[in-house]
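I would like the entire structure built from these sequences, with the hints used as guidance.
Chains as they are written, first to last, in this note's numbering: chain A, 253 to 667; chain B, 253 to 667.
Worth double-checking, as some hints may not be accurate.
Derived SDA-like pairs: lysine to any residue, alpha-carbon spacing no greater than 25 Å straight-line [said to hold, decoys possible]:
#, chain 1, residue 1, chain 2, residue 2
1, B, Lys469, A, Ile650
2, A, Lys646, B, Ser515
3, A, Lys572, B, Lys469
4, A, Lys619, B, Gly548
5, B, Lys572, A, Asn566
6, A, Lys567, B, Asp601
7, B, Lys254, B, Thr270
8, B, Lys495, A, Glu264
9, A, Lys369, B, Ile455
10, A, Lys397, B, Gln298
11, B, Lys394, B, Glu347
Source of the hints: derived by calculation from the structure; they are not laboratory data.
These are the residues of each chain, in order.
2 protein chains.
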Amino acid sequence: MKRAFIIATGTELLLGNTADTNSDFIARQLIQAGIKVIGRIIVGDQQEEIMAAFSLGTQLADIIISSGGLGPTRDDLTKETACEVMGVELEIIEEEAVKLKEYFARRQRKMPASNIKQAMFPREAIILANRCGTAPGMYLYKDEKTLIVLPGPPHEMERMFLDEAEPLLREKLKLTDSRALSQVIKVFGPGESQVEEMLAEIIDDPRGCSLALLAEKGEIHIRITAEGTARQESQKILGEIRKRVIMAMGDNVYGYDDDTLISVVTGLLQDKGLILATAESCTGGYLSKMMTDLPGSSASFWGGAVTYDNTAKNKLINVKDDTINTYGAVSEETAREMAAGIKEVAGSDIAVAITGIAGPEGGSDTKPVGLVYIAYLSDGEEKVYQLRFNSHRKGNRILAVKSALDILRRHLQGR
Amino acid sequence: MKRAFIIATGTELLLGNTADTNSDFIARQLIQAGIKVIGRIIVGDQQEEIMAAFSLGTQLADIIISSGGLGPTRDDLTKETACEVMGVELEIIEEEAVKLKEYFARRQRKMPASNIKQAMFPREAIILANRCGTAPGMYLYKDEKTLIVLPGPPHEMERMFLDEAEPLLREKLKLTDSRALSQVIKVFGPGESQVEEMLAEIIDDPRGCSLALLAEKGEIHIRITAEGTARQESQKILGEIRKRVIMAMGDNVYGYDDDTLISVVTGLLQDKGLILATAESCTGGYLSKMMTDLPGSSASFWGGAVTYDNTAKNKLINVKDDTINTYGAVSEETAREMAAGIKEVAGSDIAVAITGIAGPEGGSDTKPVGLVYIAYLSDGEEKVYQLRFNSHRKGNRILAVKSALDILRRHLQGR
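Written out as structure tokens, the structure reads:
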């Protein structure tokens, strides 16, 4: 099994406030390709430490992958240092210099002189195209070591890894996927210890699998990993445990692996040819923002009203002042009228409304912080849910949005 | 300034699914104590890699701090390996063996034989008490290197660091809080290489300061760090460079340190007693979501319309169908009517509207992906901005939202 060492460069990653998500991504991809990750390191932008990181990588591993430090400034030393450790020289590659000049010309900007270093590579390297920025990466095989140098911005790095680096790795190192198989089953509704209880029998007797629970902002992700003596056997034991987990969790399962509540709900709306409109108070547009995160969402999402101020509830979607005065802005009645109001204005098939108290201010004894009403309204069905969250403002808001999506999912699945 | 290297051991930390929060915590604490973190590494439970990590630490840094691998099993090799690298021998420390036996006796459990290794330490070490578990840590100073070994469970590690390790560090290394001072100046508008050119003179002659640029989704953060011989001197040199940076960046500076575009815009609105309403198409409520992220936003934010579908532009905020048919949904004219429409409905002081093509679909030759119009409208002023972003959907959306906030900021600051 090939062994990989992952390097991230960037002073900001050393401060303890910014997560090194690039190395997380690279680690997951490598493991999936059957490569063992034996270590990862973060260093700043000082040459001594960058050099030590690459030296350690070549000492411990077969594959060394770095992200960051490919920018045009003098702080950006990763490629130069990696090449020094590998004993190869950089030179200007004419083709890359032309591409770089074209990139700036297209944007009608003058190329700063320092950018030319982004066109410098060793002759021995394969240059990895950057479709989202100016800094290409590189792939170099020398002395039985594979070096892959990627840019720092996550979307540039991910695209380059998937489109350029991974296919090269698979081809050059003749990788086959790992024998181990895993699947994530995603659940919304019960809490972590509740899920643990529901799965107690399986956890006690996992029959060659391992189970791990990850709590993720109101969701629980159940990761099942099976490693048989061959891929086929892994498949079989994974399939059996998977079936038992799904049985135990019932309709709390909303999806698998890369599914998100948004992707599942959008898929259901599109399959059924239904259009959704939203009305949001305490979540301030968070639900509609998420509904439009995915491309193509216009096929099933009409839009909505962000009725943060009380007058907005009346002026945008005709909630009666009387209702707000009598029952309050955070009430079953107001939620119901918000949903009815936006559905009427939009002429949509379905409407969802959220009103609540996100906190930290605005709570009272009868209506505490974390109280949220979610109204679901379709042509044949109307229901208002009263929920109570115990988080801070940010947590209460995301829990309200996810709960609304889960309510949508359950209704659309006809439950 | 003392230099620290942080080590985490644990196979699960290499998979890309579990964050190394221990090292985050340790990094933040060290920085606060005036210690520079120069690198961090994660390795699994193999002795070769653990040894390489400690060797690298002693090579690069004055202080090496590890967490994890202090358990009773044969996988737990951190302390043994660290001691081998430092050239010290482990022996059973009678006092610790007694404590360990008492710990198990109190819980009426028989101590597994393997647990005795948790009572083994070098004579030269200071043993760090573990108030929450069985594995003590250690503090060792030898050959001008300080080694601190902490347990892996976060609550054990944090308690031990704060109660035991940090006071020792401060006492033995005579740390005072850092003499170094730093400030972040936050800029929106110019790109990274453009900022570097604008600051070229200062970067060439930073007079005792160091400057670092961090590009963060359309923003550039300029971190100035000054380290004089005393705090007062640091303050003086920081103040001078700060003034020059602000002068060079002009009205592109939107804030400092913990400021965000949202906090700055919300502050300006509240200071002036103005109310904002929004109309969003391609950003789908992202701007209103951000406007309501902060508590107390209801004082200056009314709400808005998410007019994702074209009919929503008409039905919610009275954009004329004629306008959309003649100029298109993504046009200066539609942006202007969206702002006018929401301002009229809301009766707000200010309105901002966003319409554009986020991608990846929907672009054309004349209206490419990334084209965005942002309209600003107040009682005395109206302006529509045409912008062009070169990112993917997610990037184009956040850039549109941040640009809208920056446009608001500049208008509110009377520029």
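Hints and how they fare:
1. B/Lys469 x A/Ile650: Within the cut-off at roughly 22 Å; holds.
2. A/Lys646 x B/Ser515: With Cα atoms ~15 Å apart, lysine 646 of chain A and serine 515 of chain B stay inside 25 Å; holds.
3. A/Lys572 x B/Lys469: violated (41 Å)
4. A/Lys619 x B/Gly548: Answer holds: lysine 619 of chain A to glycine 548 of chain B is near 18 Å, not above 25 Å.
5. B/Lys572 x A/Asn566: Given pair lysine 572 of chain B, asparagine 566 of chain A holds - Cα atoms ~22 Å apart, limit 25 Å.
6. A/Lys567 x B/Asp601: holds (16 Å)
7. B/Lys254 x B/Thr270: Judged against 25 Å, a Cα distance of about 29 Å means the pair is violated.
8. B/Lys495 x A/Glu264: holds (23 Å)
9. A/Lys369 x B/Ile455: holds (19 Å)
10. A/Lys397 x B/Gln298: holds (21 Å)
11. B/Lys394 x B/Glu347: Holds - the C-alpha atoms of glutamate 347 of chain B and lysine 394 of chain B are around 23 Å apart, at most 25 Å.
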